[in-house]
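With chain A held as given, fit chain B onto it using these hints.
Spelled out from the first residue to the last, the chains are:
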Amino acid sequence: MTYVPKITVPSINRRSFVVGSAVAGAGFALGFALPRELQSAAAATVPGEVDAWVVIRPDETVVVRIARSEMGQGSMTGLAQLVAEELECDWSRVTAEFPTPGENLSRQRVWGSFSTGGSRGIRESQDYVRKGGAAARTMLVQAAATAWNVPAAECTAANSVITHRPSGRTTTYGKVADAAARLSPPAEVALKDPKDWIVAGKSLKRLDTADKILGKPIFGIDLRQPGMLYAAINACPVFGGTLAKFDETKVRTMPGVKHVLRVGDNAVAVVADSWWRANAALKALPVVWNEGDNAKASSKAIAQFLAEGLTADQAFVGNASGDAKASMRGAAKLVEAVYSFPYQIHATMEPMNATALYTPDRCEVWCPTQNGESALVAVAETSGLPIGKCDVHKTLLGGGFGRRGEVDYVRQAVAIAKQVPGTPIKLLWSREEDTTHDAYHPITQCRLQGALDADNNLIGLHMRISGQSIIAGQMPDRLQNGKDPIVFQGLNPGGAEGVFGYNVPNILIDHAMRNPPVPPGFWRGVNGNHNALYLESFMDELAHAAGADPLAFRLKYLKPKHAAVLKAAAEKIGYDTPAPQGHYRGVAAFMANASYVAACAEVSVDGGQVKIHRMVGATNPGHAVNPELIARQVEGTFAYGLSAMLYGECTLSNGRVEQTNFDTYNVIRIAEMPKVDTVVMADGEFWGGVGEPTIGVAAPAVLNAVFAATGKRIRNMPIKNYDWHSA
Amino acid sequence: MIALSINGKPYNVDVEADTPLLWVLRDTIGLTGTKYGCGIAQCGACTVHIDGVATRSCQVPVGTVGAQKITTIEALAPDGKLHPVQQAWLDLDVPQCGYCQSGMMMAVVALLKEKPKPTDADIDAAITNICRCGTYQRVRAAIHAAANNA
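In the order they appear, the protein sequences are chains A and B.
Per this note's numbering, the very first residue in the first sequence carries number 44; after that it's consecutive.
Per this note's numbering, the very first residue in the second sequence carries number 130; after that it's consecutive.
The shape of chain B in the complex, shown without the other chains:
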């Protein structure tokens, strides 16, 4: 059994240690907000926070996580109060299909923690998640909105 701390709760999972965290979250625990997009850390749909750091969970063997704290999209709005990033996403109606947006928002939350007022260049460098619907312009606007509202 592998012990994990996810969204403030302890879990014990019976999986191979090399299983990517992504699939433990989705299939073993049932936290399906974190998405599978490519499996090779290219698209960012699987982005979660590990001790606050935005991490592509498809490349994290669950056996390497240890006591680090995992946060997923499901915990971004505890008690129903939206995170400023989610609020900006809602205000600007950012998502189209929405599939990439969990990972996109998790990446943005981490960016804003590091750089509360990111420039466009900061955004270009930090947000490399793929969105095939092409929400990029709204994503950028929502990042700035969230930065200004935080």
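Okay, chain A solo, but in the shape it has when bound:
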């Protein structure tokens, strides 16, 4: 017997999560209908499902199915635009729907990957979602042609209307959708030239705004089910430690408390009839931890551990050409500097949460996840049930930033629910739990050496990164003979993802891996954040040593696509004209997530107070599916990167993260947000990401401007720790 859960949140139903807009007038619905492999789709189970990506309802609603998660980045809208472009449907009737990973599994992964990270949501699925739209259009047209007994080649489709040109007869998608759904998908479809796009490439409004301004229950934390209980959790505050014991008699009689449960080997949860009561009891619960080997870990010891790596003999080489070390020996001027970047938390505004319902023959989870499929695997593994008896229902995410690619909170929710069969359990982390149990932005230091010849030409660069590997911490099987290839993000000699931008004859970029006992994670921008900061700050140091303008110095060595975005950013900020009185400028350029990016900053510094007045971000993402959504991502990445630069730092004492909430881990607010102008300059030659790459250039552009303003070079993040009275 299959258990069918009942959900009371109207917009979260069992099958799928529909984003609609009551306010915007049109009856929005997004649905999906096309398979990644057009032949591989199992038979449609939903009326009007033309293919896996597109469902057309009799009322002409077009439901576009979206496999990737929506965490604010806007991919849901962008992907729908790509499908709609090829579908030739009426955009005002488009709504979006998330298929479940369980459905994906049962249909031979017809929707491809659900993973939403690395700024890959659009660039990695654009090809097959567009084919999904094109195949559905072909089938709809064929269905109309068959009904009219005319050749399909005589029919055209536009705006959800099919026209037989010779006779002028018309019909609509809604009228032929069921017939179309019975046809076989075409073996091949041709895609439009992006130059001919009318829906994609345009700054259309987001599909999800109306729900978000009305306070609709669209996030995981909003989920409510009949009979649902609430769980609060504490995991061992020391990483790697375990739960020894707890004394539930102290809290068992507190109001609303139902259960006190061991969760895995390192956590304890209280289940109650409201989250507040659960958390109140958890705070009162006496707990003893086995703190384990990391009980004495400290930031000071970690800093020393990393510093040793800056000059260690052994290091993994990520980029080498010429003889960098020889160029240092032969330099007319040798420039050297050491930088550092601390641990950061993601701090999604919606803390980690998941709602799980376990019965002996089925387990379902509702959660905000960046990867529905890895969440599904976690549900199956933790519940002990076959994966076919599990499913995950995605909600919208109250921020992701890489944190919600993890599945720790999903495992916990299932582990709790399994101990309370038949009762839906909503697990919610407190902000304190979220801050002290993150998968942290990795910690690194970097020693850079640059060689200038007698004519102040840059002839050599050695960049030694010492520090943590996310791959080693999370997926060590992906190391390459011990080397983590992604630590060289943006510094690679080639490839499509992130190429080092400067033509320098002698280069050595290497990594001394040093992994402290703090779990590292993918943090929006990932390794590009510190790599760009180190490289682009040091390029400024080299320009200064060479007596050159920082922009002109870079342009002398930058490869064409890198140079083009930097020039565009500089032009937009008016680099050739003086900055306002008391304002100073800095620049930075980088490549990450397969896009070329640059930033210019305009700052003033008064008594150690850095005021960032204005920033320009330029990006060449190859293709721009929705330029306004890209501009929002650039603004958002700047806020995220500048927040880290100004304030972001997690420190460790006695094996514990010392920061617990926004009072001890400050973040940027509206008063500090600069005016941001975005230049989107897609050249049509490739597909790049936009959700992350501009983070990396934000901080160095500002730091270089701070140097221009003060002559002070801030090399250790965050700025809040900088001693302005130092030399």
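None of these hints come from the bench; they were simulated from the model.
Quick caveat: nothing in here was measured; it's all calculated off a predicted structure.
Possibly wrong hints are sitting among the right ones.
[Unchecked claim] Simulated coverage check for chain B against chain A, where a stretch passes if three residues somewhere in it have a Cβ under 8 Å from a Cβ of chain A:
no.	stretch
1	130-142
2	181-189
3	193-206
4	246-256
5	260-267
Glycine is no exception: its CB is placed at the ideal position from the N, C-alpha and C atoms.
Relative to the frame of chain A, chain B by itself:
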């Protein structure tokens, strides 16, 4: 039982008097538009109006509310007609993830009541809500738009 007036309706809730209003709204009554972000009045995601004053509901023991009138995001658009602030938010597509935006809009509604044409400095001083997506620039533009449309 504690009597409350929320969005013009009377409620009686059976909770401890020290329970924060936030959790009564979310878990007891089911008005989940008001969000939990930090629990220490830092982020503003839980902002509601108490007798018209923007208040961080995570720090308000429900037993202290009494007869004061509570308004949440769910009541900002009675009869389906958007509040000018919501309209500006919709027109400018302000939200990204959207999680902080209920509290952000409630803070802005209160600001505009006090200062119908706020300056940028007024906004900087009054709007201290945290948005991790970085919608701040659009928030500022939407505040000015709402002020001009009101």
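- Mind taking a look at whether chain A covers the stretch 181-189 of chain B? Criterion is 3 or more residues with CB to CB distance under 8 Å. It is violated: at least three residues are needed, and the stretch 181-189 of chain B offers just 0 whose Cβ sits closer than 8 Å to chain A.
- Given coverage of the stretch 260-267 of chain B by chain A, checked by CB-CB distance under 8 Å (3 or more): holds (count 8)
- If you look at each residue in the stretch 246-256 of chain B, do at least three have a Cβ nearer than 8 Å to any Cβ of chain A? holds (count 4)
- For the stretch 130-142 of chain B, do at least 3 residues have a Cβ located nearer than 8 Å to some Cβ of chain A? violated (count 0)
- Message: So is the stretch 193-206 of chain B in contact with chain A by the C-beta rule, three or more residues under 8 Å, or is the coverage claim wrong?
- Response: Three-residue rule met by the stretch 193-206 of chain B, so holds; n is 5.
The structure does not agree with the numbered hints 1, 2 stated previously, though it agrees with the rest.
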